[in-house]
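Fit chain B to the given chain A structure using the hints.
Sequence order for the protein chains is A and B. Numbering-wise (the numbering used here), the first sequence opens with residue 143 and increments by one. Numbering-wise (the numbering used here), the second sequence opens with residue 143 and increments by one.
Copies of the same chain look alike in the list, so a pair counts if it works inside one copy or between any two.
Below, computed lysine-lysine pairings styled on DSSO-like, alpha-carbon distance capped at 30 Å:
1) K287 with K276
2) K539 with K203
3) K280 with K379
4) K539 with K185
5) K539 with K276
6) K539 with K149
7) K203 with K185
8) K477 with K516
9) K149 with K379
10) K149 with K276
11) K153 with K379
12) K460 with K274
13) K162 with K173
14) K519 with K203
15) K162 with K519
16) K280 with K558
17) K218 with K185
18) K516 with K203
19) K287 with K400
20) K516 with K276
21) K379 with K425
22) K274 with K539
23) K203 with K379
24) K539 with K280
25) K287 with K274
26) K558 with K287
Since the hints were made in silico from the structure, they are not lab data.
Now for the letters of each chain:
2 protein chains.
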Amino acid sequence: MARTYIKDISKSVGSEVTVKGWIDVRRDQGKMVFLDLRDVTGKVQAVVLPNHVEALDVAQKVRPEWIVSVTAQVNKRPERNIKEGVINGDVELEVLTIEVIAEAQDVPFELGSEVNLDTHLDLLPYTLRGEKYKSIFKVQSTILKAFREFLITEGFTEFQAPKLIGEDAEGGANSFDLEYFGHTAHLAQSPQFYKQIMVGVFERVFTTGNVYRAEKHATSRHLNEYTSLDFEMGFIKDHTDIIEMETSLLRYIISALKKECTREFELLNATFPELPENVPVMKLREAQQIIKKEFGEDCSQEPDLEPQHERWLCEYAKKNFNSDFIFITHFPISKRPMYTYEDENDIGYAKGFDLLFRGVEITTGGQRIHNYEKLVKSMENKGLNSNQFRYYLQAFKYGMPPHGGLGLGLERITSKFLGLENIKEATMFPRDINRIDNLLSQ
Amino acid sequence: MARTYIKDISKSVGSEVTVKGWIDVRRDQGKMVFLDLRDVTGKVQAVVLPNHVEALDVAQKVRPEWIVSVTAQVNKRPERNIKEGVINGDVELEVLTIEVIAEAQDVPFELGSEVNLDTHLDLLPYTLRGEKYKSIFKVQSTILKAFREFLITEGFTEFQAPKLIGEDAEGGANSFDLEYFGHTAHLAQSPQFYKQIMVGVFERVFTTGNVYRAEKHATSRHLNEYTSLDFEMGFIKDHTDIIEMETSLLRYIISALKKECTREFELLNATFPELPENVPVMKLREAQQIIKKEFGEDCSQEPDLEPQHERWLCEYAKKNFNSDFIFITHFPISKRPMYTYEDENDIGYAKGFDLLFRGVEITTGGQRIHNYEKLVKSMENKGLNSNQFRYYLQAFKYGMPPHGGLGLGLERITSKFLGLENIKEATMFPRDINRIDNLLSQ
Numbered sequence: 143m144a145r146t147y148i149k150d151i152s153k154s155v156g157s158e159v160t161v162k163g164w165i166d167v168r169r170d171q172g173k174m175v176f177l178d179l180r181d182v183t184g185k186v187q188a189v190v191l192p193n194h195v196e197a198l199d200v201a202q203k204v205r206p207e208w209i210v211s212v213t214a215q216v217n218k219r220p221e222r223n224i225k226e227g228v229i230n231g232d233v234e235l236e237v238l239t240i241e242v243i244a245e246a247q248d249v250p251f252e253l254g255s256e257v258n259l260d261t262h263l264d265l266l267p268y269t270l271r272g273e274k275y276k277s278i279f280k281v282q283s284t285i286l287k288a289f290r291e292f293l294i295t296e297g298f299t300e301f302q303a304p305k306l307i308g309e310d311a312e313g314g315a316n317s318f319d320l321e322y323f324g325h326t327a328h329l330a331q332s333p334q335f336y337k338q339i340m341v342g343v344f345e346r347v348f349t350t351g352n353v354y355r356a357e358k359h360a361t362s363r364h365l366n367e368y369t370s371l372d373f374e375m376g377f378i379k380d381h382t383d384i385i386e387m388e389t390s391l392l393r394y395i396i397s398a399l400k401k402e403c404t405r406e407f408e409l410l411n412a413t414f415p416e417l418p419e420n421v422p423v424m425k426l427r428e429a430q431q432i433i434k435k436e437f438g439e440d441c442s443q444e445p446d447l448e449p450q451h452e453r454w455l456c457e458y459a460k461k462n463f464n465s466d467f468i469f470i471t472h473f474p475i476s477k478r479p480m481y482t483y484e485d486e487n488d489i490g491y492a493k494g495f496d497l498l499f500r501g502v503e504i505t506t507g508g509q510r511i512h513n514y515e516k517l518v519k520s521m522e523n524k525g526l527n528s529n530q531f532r533y534y535l536q537a538f539k540y541g542m543p544p545h546g547g548l549g550l551g552l553e554r555i556t557s558k559f560l561g562l563e564n565i566k567e568a569t570m571f572p573r574d575i576n577r578i579d580n581l582l583s584q
Numbered sequence: 143m144a145r146t147y148i149k150d151i152s153k154s155v156g157s158e159v160t161v162k163g164w165i166d167v168r169r170d171q172g173k174m175v176f177l178d179l180r181d182v183t184g185k186v187q188a189v190v191l192p193n194h195v196e197a198l199d200v201a202q203k204v205r206p207e208w209i210v211s212v213t214a215q216v217n218k219r220p221e222r223n224i225k226e227g228v229i230n231g232d233v234e235l236e237v238l239t240i241e242v243i244a245e246a247q248d249v250p251f252e253l254g255s256e257v258n259l260d261t262h263l264d265l266l267p268y269t270l271r272g273e274k275y276k277s278i279f280k281v282q283s284t285i286l287k288a289f290r291e292f293l294i295t296e297g298f299t300e301f302q303a304p305k306l307i308g309e310d311a312e313g314g315a316n317s318f319d320l321e322y323f324g325h326t327a328h329l330a331q332s333p334q335f336y337k338q339i340m341v342g343v344f345e346r347v348f349t350t351g352n353v354y355r356a357e358k359h360a361t362s363r364h365l366n367e368y369t370s371l372d373f374e375m376g377f378i379k380d381h382t383d384i385i386e387m388e389t390s391l392l393r394y395i396i397s398a399l400k401k402e403c404t405r406e407f408e409l410l411n412a413t414f415p416e417l418p419e420n421v422p423v424m425k426l427r428e429a430q431q432i433i434k435k436e437f438g439e440d441c442s443q444e445p446d447l448e449p450q451h452e453r454w455l456c457e458y459a460k461k462n463f464n465s466d467f468i469f470i471t472h473f474p475i476s477k478r479p480m481y482t483y484e485d486e487n488d489i490g491y492a493k494g495f496d497l498l499f500r501g502v503e504i505t506t507g508g509q510r511i512h513n514y515e516k517l518v519k520s521m522e523n524k525g526l527n528s529n530q531f532r533y534y535l536q537a538f539k540y541g542m543p544p545h546g547g548l549g550l551g552l553e554r555i556t557s558k559f560l561g562l563e564n565i566k567e568a569t570m571f572p573r574d575i576n577r578i579d580n581l582l583s584q
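Pulled out of the complex, with its shape left as it was, chain A reads as follows (with noise of 0.2 Å):
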């Protein structure tokens, strides 16, 4: 008999299904036995009779996570053992045969028990099939869809950006390094030079995929490896246009998670984000002001937001534009790399911005240097050697239209949509300083 998936077991009430899944939980009450069968789509209460004598002489025998295919007849429940509100929760099967699929040796605790963060990573081949990191990545996987789905329909080309390179973007202190064939290659930081020189292909960019900081410090913000999902697009007026787009690709995002993620945001009591038809979009040194203002610190002479003023001002959006994202804009140039744009009417400052969501950054982005010249001037004055980025330079040096774009953390804008506390619960194999896969010092 065709496989039922047990989302759809309660359309065959009176008939009877075949379900393959794993044995989620067993209560053995010697007559009988009730087994949780799961599988990718939910969870379903069975019952062993006695008068299935193979039947339940298999389910005498089978534990947590033994697979299993099971034929059973579909049953409403009584109406006093209907459970509201809960998938399947009006229906039962009475199991008819039990085949044991695989066998599973003896589980260290139940499925979706409280442990700790190195008990979870250690054993996340087991505990990744419970349902909270389950929701979690079925979120993630819809983020990353979303994402992809909206920048096409606004005509944007994906491509693939290489890892293994030659020369390091964004600086060196971060990079891992390693040997190749007798050189030395650097893991990408993040993909910006290819998609900037792609701008001058399909002017329209973007891409997905893994990048590297070799960060030294284990916290609940850091990865040494994450996704980035970048975008750049030609043909701007300024950072203005990167702004706009973002938030149209959030509210896409958010629309598509309202969408397919309703059970997931209720199970991980999670808010879908707040965001209004006018986000808020202000100057580093009018936030500066407010913050001095609303929560009396004085910042004023800072070239960035530490992440007590991240907090502070999410906290002003939130209750002046019941929003939960801000845009600050026009950080000092001089803290920016050298492919920011400077405002040429406010000299000094980058035409570029951080988005911050419910207390912390999720995206830098804003508007870059088009200009051969001007870029090989800002590379000077950033103390780097031009002749270094002379490959990235003929994207330049041959014609480029302004342009501009950002970055976003895939696994951080999952673990902050989710309020989850530790960046490594949105992260399917995190790695850092003490861990790749099992701890590095055993």
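Just chain B, lined up with the frame of chain A:
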């Protein structure tokens, strides 16, 4: 005035438009200047007449790859000047004003010129702008989009596989090593272990991303970094389920290409792949008998196919089944990785396959061992230390369904679909033993 994309110009005959883009070609006839303008959507011819003095002045200064904003009157071409079958072959722009957005230096050669591969690679930020390469990478992005669309429809969940790994899935000879906080890490050669682990979570998964092979030879087939398209699915009958899924996937991709990339295939003089209703599937031993009978070479004692054998088998499939594809199954288990599933009814041979297409192998796939004890034993038989794989083995310890999957190289199928001579032409920024962007010897 809002920008009009070049592909849409013919809808505006009789009106004024603003076009933004690159100067593709400029022909100065003294009294008037002809300009071919290019944007991401196509090309159009523009003429600057003597009566538009200011525009003529600018037109005499601009050079190829300068970026301009042009306002112009869209005119129908006189009957005798219409170019049939060419986009905008029936219209011409009469330029009213030209604004220079960005200048460019003298280009090394006209875009689209035939140059040798090394010159092309040295100048990628420029040469990728040519129609040939734009078409290749448009096709590539369409293949990738169709791959994801199809699998999502089939209930697969996307996940992010890490590329920084502690132990090496496929054996160490071809692995890049890097220093990782006092330990040695490797770059992943495939997402194999992680996609199998994720079958325990989502049953059906796919992932796309860069993988690495420390290939020491620079050939027309090999890359040191490429994009691997992988899927893995649980609750299968055997490897034939994977063959069926791949056939449907390819059918979907080819139909997407026919819908979205007909112009690109024409421009590249490429032929859409022939995928008949019944793609031939045969065991290696049968294939070897065919080679003996049809092509006169006895390779029946060999454990694998040589390149010439692959070409012959494709020739045979094309002639007898009008198929560009042929699946070869049941390679000797001794030549396959430790996770390969042995056919109980054909001991010594794998429930796995290679897919050959137009003379080369484009996929390796099959069923995997899902039983913990069998997998440990298989590792030991291959002389591997199972403790090294203890992280991966947890998935099997805690219950795994019968499963299998496959991997496809995006650059390889792009180049084979399009009949390109060298895989580097289908790789945006190829890395080989001699080159990361620039030649390493420079």
